[in-house]
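Could you put the whole structure together from the sequences, leaning on the hints where they help?
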Amino acid sequence: MNKTTIYLWICLGVLTALTPLGLIAQGAPWGEWTGKELKEMIGFIPEKLKGMEQIWKAPFPGYSLSGAESTPLEYIFSALIGIAAVSALSFIIIKALNKNMR
Amino acid sequence: MSPLWLIAGRLLKRVLASRHVPFLALGAAFSFVIQMFNIPLPGGTSGHLVGSTLIAIVIGPWAAFIAVSITLVIQAVLFGDGGITAIAANSFNIAFVMSFSGFYMFKLLSMRSPLDSTWTILSAGIAAYISLNIAALLVGLELGIQPLIAHAPDGRPLYFPFSLHVSVPAMILWHLLFLGFVEALLTGLVIAYLRKADPSLLGILHNKQAKP
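Chains as they are written, first to last, in our numbering: chain W, 1 to 102; chain R, 1001 to 1212.
Calculated from the structure, these hints are not laboratory results. You may find that some hints are simply not true.
What the hints assert, rightly or not - Cut-off 16 Å, straight-line C-alpha distance, at most; resulting in silico cross-link-like pairs (EDC-like, lysine to aspartate or glutamate):
#, chain 1, residue 1, chain 2, residue 2
1, W, Lys36, W, Glu53
2, W, Lys50, W, Glu40
3, W, Lys3, R, Asp1198
4, W, Lys48, R, Asp1154
5, R, Lys1196, R, Asp1116
6, W, Lys50, W, Glu37
Rendered as structure tokens:
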């Protein structure tokens, strides 16, 4: 890794430390509501969306460890897990490509 | 969606210069972290940046498409964000379309200007602004046609309940007025830094452009 790359990873670390700022926003992005939120808005959950939330149980739902609202520390921890996971997946993909294309 | 990922994989080996390999992970990690910054918006909603244009300018659009797709997969699988069933649509909008529209917009705008010009930085910002808005518009359109194409005989929506005249303005308004500018600023700043620190990282683009 050259100097620039290291510097960029450090910047990413600083951003990671600041991620709890992202918890200030209260509402979900438009269209990304939970079934409960949707019910509050329009009075019912559309037929085909019922049960959709149950098809996959994410290990860290909503960037929290407990499943409750994420705390700032949990949010930073989630960011670190996310960074590790996307990096691992990136390297797996590159490794696989290198192997297949040789 | 999967054919696109396969093509991207095939091309990646060819287009991803070896000096850019660590940047696939860095790009994915960068997009992951900036998407965690939920920005409060009027009306009780929030928005977030994406970073696809920036990543595409540095490592090329196919690699950026893969990087941001990786981010979206991890968000859905580990954190229940975006959702498993939405991975393909999300990848199409903000990984594929945004990377390619941003990249080619940047190329078009900066075509005749040297790498060290101010216009190159402005081009990156403008491309980021426009491509983020194209992606937001696509999300609005895709959501808004749902009540038209998927409703019960009594007219009740089976999936998404809001129609185009609600979903398109809701998606596009704050991207046009605010988020697009933040995305542009971020993109311009990072490109300006990279240009100064290590222009070879941006070389992939300008070497090609230098050829007649």
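Against the structure, the hints come out as follows:
no., hint, verdict
1, W:Lys36 - W:Glu53, "11 Å, holds"
2, W:Lys50 - W:Glu40, "15 Å, holds"
3, W:Lys3 - R:Asp1198, "9 Å, holds"
4, W:Lys48 - R:Asp1154, "15 Å, holds"
5, R:Lys1196 - R:Asp1116, "9 Å, holds"
6, W:Lys50 - W:Glu37, "13 Å, holds"
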